[in-house]
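Enquirer: Going line by line, the protein sequences match chains A and B.
Quick note: the first sequence, position 35, residue 38 per my numbering, numbers continuous.
Quick note: the second sequence, position 12, residue 75 per my numbering, numbers continuous.
Don't read these hints as lab results, they were simulated from the structure.
We put the CB at the ideal spot given by N, CA and C, even for glycine.
Chain A side only, calculated, beta carbon under 10 Å to chain B, not exhaustive:
(1) THR53
(2) LEU57
(3) ARG92
(4) ILE118
(5) PHE139
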Amino acid sequence: MKIGVLALQGDFHEHITMLSRIGVETAEVRLPEHLDGLDGLVIPGGESTTIGKLATDFDLLEPLRKFAAEKAIWGTCAGAIFLSKDVHRQQPLLHLMDIVVERNAFGRQIASFEIDLEIPVLKEVAPGGGPYHAVFIRAPLIASISGGAHALASLEDGRIVAAQQGRMLATAFHPELTGDDRFHRYFLHLAAGQS
Amino acid sequence: MEQQIATFAVKKGLAQMLKGGVIMDVVTPDHAKIAEDAGAVAVMALERVPADIRAHGGVARMSDPELILQIMDAVSIPVMAKCRIGHFVEAQILEAIGVDYIDESEVLTPADEEHHINKHVFKVPFVCGCRNLGEAMRRIGEGAAMIRTKGEAGTGDVVEAVRHARSVLGEIRRLQNMPDEEVMSFAKSIAAPYELILETRSLGRLPVVNFAAGGVATPADAALMMQLGVDGVFVGSGIFKSGDPAKRAAAIVKAVTHYKDPYILAEVSRNLGEPMVGRQVSSIPEAELIADRGW
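Produce the entire structure from the sequences given, and follow the hints as far as they go.
Expert: Given below as structure tokens:
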């Protein structure tokens, strides 16, 4: 199993550290040819406008769409924005998941927060696991879901913060900033084609 | 667990999201748009870029909150703003208007020559400059959630940023290779908090994100700093004091992503127009050097 992490900008190194810790081979992806031979791809947190611009300039948009048709792909925060079909503003998107995302939905940095979430689907990789500690940084929300996408996690008030569509995952928070590897293991399970 | 805001993890976390990116100094909302369109991960809102602060002389203070608010309205990326070293009321004002990060900056005229701001008591995170590991550790000890080299702002001469990055990263390498019994004495010799030294030793890097700043003017400068081992780059006067800011800004963004690929660096360095007119740091009288401000 070899997982790529899109390394145009953002906290890709944090994802690589987490994946390496659970024994997965990783590769940094900056150009289309770096996608060859990968079983899955993580799009990290960062600035979605920067990642979108660099992906456009280095001709990654179509190769990423093609990759996602065959392999597992997961976006955290900026990555989730990039995977979405709409963010109600002009910026390059992959339009892969049937989710509409609202950027900076909680406000500016002062409103960034940590909270425990119940994420039932993580029981598939960790049957005895408790709540999931999630870190939200100038975070987006998944404002609406349609088509083949479904919610994986919500805040207490029902607002959606994680979604899945086939082998595509979107999380508004940052599993790579915690010591908890359950979300990464869940993604590996999708990449291995077990779901 | 209840929702918790302003934890050190979320303060440091925003800087982690900026890694591999370029933070650009802007003085108008139009500049901010150009920076965002070029791929900046954040902008630093200020009234004058450092080269103009140097030329202008006088006391350099926090920018007008109205200007900062206009820049915050103009872009979707994070907006940073500078306060004077030790001027915690300027910091309170910047927090009140909602900036995403405060740079307690030597580029402005220091308000306190002995004490930096106690940054732990703020909800907004701080970035601070340093010339060496001891200075970085002291700032983190005071609550800084991000570090940058000081370099020598407003010169377009990268030599000081290189010196400061080599100093910080070299001291970390030394720290990692010394036997346990020498660590306390090392912490004492650089006037650094012992616990932070232990953490840095075990991580093999600063415990917070570490950018380069002060004198970066070209894509090659930016890639040089990245290859030396920093996490990202601030560009101050280098962009909007150059002949074609939009083009140069986009080129520096690409250079930071592809910092290890000389073929892409060559491509993005072509036809950028005039760089900012530089000023050799070695020709500047000592009293005019900015990096010596703070301790």
